[in-house]
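**Q** Here are the chains, one letter per residue:
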Amino acid sequence: MFSGAPFGQYYPGESPVHRLDPRTKIVVTGGLVVVLFFLYRWPAFALVGVLLMGGLLVAGIPPRLLWRSLRSILAIIAFTFVLQLFMTPGPVWFRLGPLTATWPGLRMGMVTAGRLVLLILSTSLLTFTTSPIALTDGLEYLLRPLRRVGVPAHEIAMMMSIALRFIPTLLEEAEKIMKAQMARGADFQSGNVIRRARSMVPILVPLFVGAFRRADDLAMAMEARCYRGGEGRTRLRVLRMGASDLAALAGSAVVMAAALVLR
Amino acid sequence: MPIWVEDLTHIYLPGTPMEVVALEGVSLEVRDGEFLAIIGPTGSGKSTLIQHFNGLLRPTRGRVVVGDLDLSDRRVNLRRVRQQVGLVFQYPEQQLFEETVLADVAFGPRNLGYPPEEVDRRVEQALEMVGLGREMLERSPFELSGGETRRVAIAGVLAMGPRVLVLDEPTAGLDPRGRQEILSRIRALHADYGLTVVLVTHQMEDVARLAQRVAVLDRGRLLMVGSPREVFAQAEMLDRVGLGTPVVTRVMRLLQERGWQVRTDVLTEEEAEAELVRVFGENGRLPLRDARLPGGTRADGGPASGGTRGPGGGCPPGGGDGP
Ligand SMILES: Nc1ncnc2c1ncn2[C@@H]1O[C@H](COP(=O)(O)OP(=O)(O)OP(=O)(O)O)[C@@H](O)[C@H]1O
Ligand SMILES: [Mg+2]
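Protein chains in written order, with the numbering used here: chain G, 1 to 263; chain V, 264 to 586.
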């Protein structure tokens with residue numbers, strides 16, 4: 001039940017996208033995120049959108065899951081859209097009381113919304129197709145050159161993978177504690193903000209007590225198995241770039257370059 | 264207060280790759296005033312089942328009726344159901360959060376909105392029910408012994424005044440004395456306070472000793488329900504699902520296989536002793552007094568302890584000590 005815990009969004013599969021080296025996917029996603037912020041014309045958006053849709057299609061991610069991750073930021077998208085619509089100066093489109101919606105505002109709002117949607121799609125493609133372990137592995141490799149300037153690449157990756165490993169455990173624990181307090185008549189839904197915040201105490205205290213105990217146990221168990229940090233540590237999974245990685249990198253680079261030209 | 268479970272199916276995370284069918288078509292009745300044990304191997308759905316008894320989980324299919332309340336009715340006041348059906352989770356001491364025993368046990372009755380005097384009365388009664396005295400009230404729940412903390416946690420549920428008490432492996436992780444304390448308290452809650460008790464356990468001895476009826480779950484299905492004697496008569500079935508029977512029952516079976524004419528439907532040590540006296544004492548094949556083992560001590564002291572350590576005592580040299 002632990003491996004199956006619904007953390008984040010990893011959607012297990014065997015597609016070519018799943019099999020890509022995590023570094024490839026991290027680099028491409030990182031590149032896309034940067035590129036997105038330079039785009040404001042439709043053809044450019046469409047180009048990036050087609051690339052992402054192609055990736056999602058090949059990866060076999062059900063649209064339902066995509067919709068779920070988009071839905072979580074729908075409110076933010078709507079908020080920024082409305083903000084842009086009314087706050088951008090320019091020729092008036094319509095008035096609403098003291099507020100004026102402008103044509104440039106409409107355009108800016110749509111551009112921002114488009115950027116956000118594509119942003120979510122690209123990070124989703126990464127997290128849907130890359131297991132948390134592969135993700136931290138890839139990150140550790142990518143951070144490695146920065147060790148010279150004092151970035152503790154291994155430690156950062158280890159912290160991330162421990163955190164990732166324990167998020168499902170903590171969620172499970174939180175759910176269990178919550179149920180146990182509900183069995184004692186606790187109510188987490190009703191009341192005003194202060195009441196609700198206070199109703200969290202019976203969950204948070206046991207959760208923290210448990211987390212600290214678990215951290216102690218983990219440290220002990222790691223030391224008992226001779227963990228001493230990254231120095232001299234060899235790897236079980238050695239990452240290797242293959243032909244498909246090169247192809248994916250080259251292909252994405254071309255699309256991103258084209259998008260930047262079209263802007 | 265009886266509980267009816269009708270054709271209950273529960274699926275966790277339906278529609279995802281992680282989907283788990285935890286219960287499938289389970290129908291079961293918890294009778295008013297009875298002591299029911301629920302047994303089943305790990306992952307068989309015991310905890311899932313009992314969380315339906317007070318509406319913490321909702322059925323994917325099927326129905327749960329508690330007294331005259333149908334839990335599938337959205338208008339049912341679940342807090343009322345949870346007051347009537349007290350649920351003690353596994354390792355309940357992990358939910359303690361207040362600074363004093365008093366405050367923690369009072370959490371339930373306060374949530375139910377009782378006035379302060381009534382809350383105090385209930386807290387004291389609940390502690391008494393689990394055999395803890397007033398001197399506990401002001402202590403921190405984090406400084407008590409394992410068995411004591413667990414009794415405090417059980418008191419926290421009893422303080423709500425439930426008619427049905429459901430316990431999920433209440434003796435897990437306790438030493439033998441702690442276990443005996445908890446079990447004798449649970450027995451008293453049933454016998455003296457008239458609570459309906461549902462006990463989830465892996466200990467067949469406890470089932471044999473305490474339960475009036477037993478329900479056996481395996482991979483989400485209800486295999487059988489019956490008296491302990493009826494259930495433990497199905498030794499092959501229990502062995503197959505990995506549960507086994509009480510040790511004394513097994514001993515009697517082995518004796519029978521060796522050709523002794525003993526009953527094999529004994530459940531407790533007392534019954535086994537009586538049966539052995541009947542068989543061996545009567546026909547005098549073994550003078551019982553001499554055959555008796557020295558009470559409970561083992562000459563060889565069990566497997567060797569101490570002295571042996573895992574391979575190598577230290578970590579390999581090199582690396583680690585860093586710049
Ligand atoms: N919150 C949950 N989310 C997903 N799956 C779950 C959840 N809780 C339980 N399961 C799964 O449902 C099945 C039944 O679990 P359950 O906890 O009811 O078993 P159990 O009989 O209580 O086992 P144990 O003896 O280990 O306590 C298991 O396969 C388990 O992995
Ligand atoms: Mg369980």
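Just so you know, these hints were derived from the structure itself, not from any lab.
Glycine is no exception: its CB is placed at the ideal position from the N, C-alpha and C atoms.
The reader is advised that the hints may include incorrect statements.
Claimed, not checked - Residues from chain V that face chain G, not an exhaustive set, calculated with beta carbons under 8 Å: (1) Gln314; (2) Asn317; (3) Arg342; (4) Arg345; (5) Phe352; (6) Gln357; (7) Phe370; (8) Val420.
**Q** Each hint needs a verdict: does it hold in this structure or not?
**A** Hints, verified against the model:
Because the smallest distance between the Cβ of V/Gln314 and any Cβ of chain G comes to about 7 Å, under 8 Å, the interface hint for this residue holds. Satisfaction of the interface hint for V/Asn317 is found here, the shortest Cβ-Cβ separation to chain G being roughly 6 Å, below the 8 Å cut-off. Look at V/Arg342: its Cβ gets to within about 5 Å of chain G, closer than 8 Å, so that hint holds up. Residue-level restraint check for V/Arg345 holds (minimum Cβ-Cβ distance to chain G is 6 Å; threshold 8 Å).
With 8 Å as the threshold, the beta carbon of V/Phe352 comes within range of chain G, its nearest partner Cβ sitting at about 5 Å, so the hint holds. Interface restraint check: V/Gln357 against chain G, minimum CB-CB distance 6 Å, threshold 8 Å, status holds. Because the smallest distance between the Cβ of V/Phe370 and any Cβ of chain G comes to about 6 Å, under 8 Å, the interface hint for this residue holds. This hint holds: V/Val420 has a C-beta 6 Å from the nearest C-beta of chain G, less than the 8 Å allowed.
This entry satisfies every hint, going by the numbered hints stated previously.
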